[in-house]
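Student: Single-letter residue listing:
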Amino acid sequence: DTGVSQDPRHKITKRGQNVTFRCDPISEHNRLYWYRQTLGQGPEFLTYFQNEAQLEKSRLLSDRFSAERPKGSFSTLEIQRTEQGDSAMYLCASSSKDGRQPQHFGDGTRLSIL
Amino acid sequence: SQKIEQNSEALNIQEGKTATLTCNYTNYSPAYLQWYRQDPGRGPVFLLLIRENEKEKRKERLKVTFDTTLKQSLFHITASQPADSATYLCALDEGNTGFQKLVFGTGTRLLVSP
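Protein sequence lines, in the order shown, are assigned to chains H and Z.
Residues in the first sequence are numbered consecutively from 33, following this note's numbering.
Residues in the second sequence are numbered consecutively from 111, following this note's numbering.
Bound conformation, chain H alone:
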């Protein structure tokens, strides 16, 4: 399978714990995006990487959220001191350098905060 891969698919944790998600994009894609999706809503943009550089962060991304893409390949999204409101599906997408090419999404990590 050469699509976008996300791990884990599901994460259940207690409030206050830290969690980390991983995304492996399509190998030749240099652009990587993180989104958050809650029930009944469309995905909301969180942050964007071009290669290893994080070029934009949404206001939705509080100080408790941090994302990295250290070698310009896989990316991690960490949430510290999780809160109930962090419960959502976290989606990763990648695209090629051509800005008009569509984004390809993984199947997400569903986070549930107890």
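Don't read these hints as lab results, they were simulated from the structure.
The model shown is predicted, which means the values in this text are computed figures rather than measured ones.
Warning: the hint list may mix true and false statements.
Unchecked claim - Here are the computed lysine-lysine pairs in the BS3-like style, where the Cα-Cα straight-line distance is at most 30 Å: (1) Z:Lys169 x H:Lys129; (2) Z:Lys167 x Z:Lys181; (3) Z:Lys211 x H:Lys89; (4) Z:Lys173 x H:Lys129; (5) Z:Lys211 x Z:Lys127; (6) H:Lys89 x H:Lys129; (7) Z:Lys211 x H:Lys129; (8) Z:Lys127 x H:Lys129; (9) Z:Lys211 x H:Lys103; (10) Z:Lys113 x H:Lys89; (11) H:Lys89 x H:Lys103; (12) H:Lys129 x Z:Lys167; (13) H:Lys89 x Z:Lys181; (14) Z:Lys169 x Z:Lys181; (15) Z:Lys113 x H:Lys129; (16) H:Lys103 x Z:Lys165; (17) H:Lys43 x Z:Lys211.
What the hints assert, rightly or not - Quick list of the computed label-pair ranges, beta carbon to beta carbon: (18) Z:Gly126 x H:Lys89: 44 to 50 Å; (19) Z:Leu172 x H:Gly72: 42 to 48 Å; (20) Z:Thr130 x H:Leu146: 23 to 29 Å.
We treat Cβ as the ideally placed atom computed from N, Cα and C, and that holds for glycine.
Given chain H, put chain Z in place with the hints provided.
Tutor: Frame of chain H, contents of chain Z only:
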């Protein structure tokens, strides 16, 4: 304020009929618009992209129109099948960011009955 509106009510149609889904937007000037399909528990899957200078785009049983005057896109599925049942999301590029910063509608759920 900027808004993307899709019919939040589910669309129920019979197999073989044409499904038409609507996406309206305000206070955006997108260079292009995309449609995605999303199944429960899965990430969005890209279907079609239409540029501002294209009135209509087709792919197999799918057709998309884009009217920048009305600020509206219509998504049609002809000869619909039960397998077409899913949530359909429209997304546009927020623009002026130097990268593809997608803003999604809330999606319309399509149910095709045999």
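Student: Next step is simple, just say for each hint if it's right about the structure.
Tutor: Hint by hint, here is what the structure shows:
no.	hint	verdict
1	Z:Lys169 x H:Lys129	24 Å, holds
2	Z:Lys167 x Z:Lys181	16 Å, holds
3	Z:Lys211 x H:Lys89	11 Å, holds
4	Z:Lys173 x H:Lys129	27 Å, holds
5	Z:Lys211 x Z:Lys127	34 Å, violated
6	H:Lys89 x H:Lys129	19 Å, holds
7	Z:Lys211 x H:Lys129	13 Å, holds
8	Z:Lys127 x H:Lys129	39 Å, violated
9	Z:Lys211 x H:Lys103	22 Å, holds
10	Z:Lys113 x H:Lys89	20 Å, holds
11	H:Lys89 x H:Lys103	19 Å, holds
12	H:Lys129 x Z:Lys167	23 Å, holds
13	H:Lys89 x Z:Lys181	27 Å, holds
14	Z:Lys169 x Z:Lys181	22 Å, holds
15	Z:Lys113 x H:Lys129	28 Å, holds
16	H:Lys103 x Z:Lys165	41 Å, violated
17	H:Lys43 x Z:Lys211	27 Å, holds
18	Z:Gly126 x H:Lys89: 44 to 50 Å	47 Å, holds
19	Z:Leu172 x H:Gly72: 42 to 48 Å	24 Å, violated
20	Z:Thr130 x H:Leu146: 23 to 29 Å	42 Å, violated
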